[in-house]
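Protein chains: 2
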Amino acid sequence: MTAAPWPRIAVLGAGAVGGYFGGMLARAGAPVIFIGRPWFVEAVTANGLFLDSFQFQERVKIAASTDLAAVRGAQIVLFCVKSTDTAETAKQLAKVLDPGAIVISMQNGVDNAERIHAASRLAALPAAVYVAASVPQPDTIKHVGRGDLVLGPKNPQTEFVAEAFLRAGVPCKISETLQSELWTKLVWNCALNAVSALGKATYGEIIASEDAKRVVEQVIYEVLAVARAARIPLPFFADPRAAIEGAVKIASQMAATRSSTSQDMMRGKKTEIDSLNGFIVRKGAELGVPTPINHALFTLVRLAEAAGNSEVSSNK
Amino acid sequence: MTAAPWPRIAVLGAGAVGGYFGGMLARAGAPVIFIGRPWFVEAVTANGLFLDSFQFQERVKIAASTDLAAVRGAQIVLFCVKSTDTAETAKQLAKVLDPGAIVISMQNGVDNAERIHAASRLAALPAAVYVAASVPQPDTIKHVGRGDLVLGPKNPQTEFVAEAFLRAGVPCKISETLQSELWTKLVWNCALNAVSALGKATYGEIIASEDAKRVVEQVIYEVLAVARAARIPLPFFADPRAAIEGAVKIASQMAATRSSTSQDMMRGKKTEIDSLNGFIVRKGAELGVPTPINHALFTLVRLAEAAGNSEVSSNK
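Residue numbers (this note's numbering), protein chains in the order written: chain A, 260 to 575; chain B, 260 to 575.
Since the list gives no way to pick one copy over another, a pair counts as held whenever it fits inside one copy or between any two copies.
Restricting the straight-line Cα-Cα distance to at most 30 Å, the calculated cross-link-like pairs of lysine-lysine (DSSO-like) are:
no.	residue 1	residue 2
1	Lys472	Lys528
2	Lys350	Lys542
3	Lys542	Lys472
4	Lys341	Lys413
5	Lys529	Lys472
6	Lys542	Lys432
7	Lys472	Lys341
8	Lys444	Lys413
9	Lys444	Lys432
No lab work stands behind these hints, which were simulated from the structure alone.
Since we're looking at a predicted model, the values are computed, not measured.
Kindly produce the complete structure, drawing on both the sequences and the hints.
Next up, the structure:
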């Protein structure tokens, strides 16, 4: 008896998310090609990709290319670039993508599928991604928590993709309320990411401070007010305390971690703040919901980002 | 004809403020002793103090000691330690101060005289200090703007001190509304210091950003609401736009400067945030005035400070 053939998979963007989920698929035997920047392609072509997981350690041989045209022939495309690069990457992708390929956005934020579509006319399916991982070196993915996905709604495409992930040992649910799932994740990201970045704090340090917890609470109240005005059904409307408890729980599970926003800022890289607190500010303005704390966090991260960029470029 | 003798002056704390105003007095011929940390005392004992002003450059010979007891015999004590050290320094000062000495607090914040009194029973007179200066090296004061003082109310003590400053070429007014003057300065400091620190931004970069200007505005509205509840007469109550215009004007005058809070944070030192946005938060809570943006700024600076301290100590 021969196993069914794997779908051919391309991973766009070689950060922690693409590296982890693409790496898991490759490790299970799926034909995966990573498309990323030269430093990444060079390192993994020479050494393979080292999955340094809290559950196992394994070096996986993978194919990699800097050329987006290498996406040709893929049946599933994992769209894992930073949200700041969405529009540009989507435009280029539309020129080379096979017509039947399924594009899954595994990015932070709630409007990625819309933004991909607006830039490229491609119909992407969003996924809610839960993983704590980082890229300590170009050829290494450090995986410290979770590693599961939610797709939706149930249809032949999401079932096809979910089957591949499940076969690779990645928990993958299909939900009829994916938008609520994405917004719930947005609540946590808005609540914790910028505070971790600006306060140079781990999640554990944030919830150890009564003052910081109060800021987190204020952010959550604003995000929930925007979600309510946007008619997104969230489980927290009946009792916002549950949202705050949820944030505290996540923060204690990842107590030693700093947010991706914090990691980007420390490296002088652009953050995804525009898709997190920035999105809430814009959506709030559109719906007439005040979001002063989200606005302050967004603005301070933006200012610090600009400083980081100029510091980096002045080193050249 | 012999000139009248100078009063004997001691300067506590050898930062930019103590260095500049004490240095101006010493340069004019007043007997000044600086009391500071070993690195400062060593440097200025060896080289004198270099006043690198936008108006002149001059190296001034000065006396310096690490021992607070050197304050004995002084008629005027310029109390210039960081507000975080106020209580401890005041307590020690009370043990060695001559009974007739006049203590002038030249610190940031509006409650320094109260805090000195609470810690030591000493009656200090506050001054509103306007100077843009920094300490690029232990023996150097870089002076880039203003350099004037307001004392008050008019009485023999303030007149005695003002006379000494005027004789040394330091503009020094006596005001019957010093508390309003101190609060006005607090408005600027609350509006600009934390944003500069968290956003790693110069004052010029802050006012170049519409978003950052909006944060500055929110902070100012909160501070004015607290001042009003505290019955501090401020000129801005009739038209808060004047306060915002004032902040923008100050920021453009010092466009290339980062706040002292920012400088402290970059060096992993404790900031004075507790006397600035922190004070507004406490006063607001006491008076029932909400101050969410001041609270967020205060909290984020506090978190980042803790990180700075642990980063510095982990280098040991």
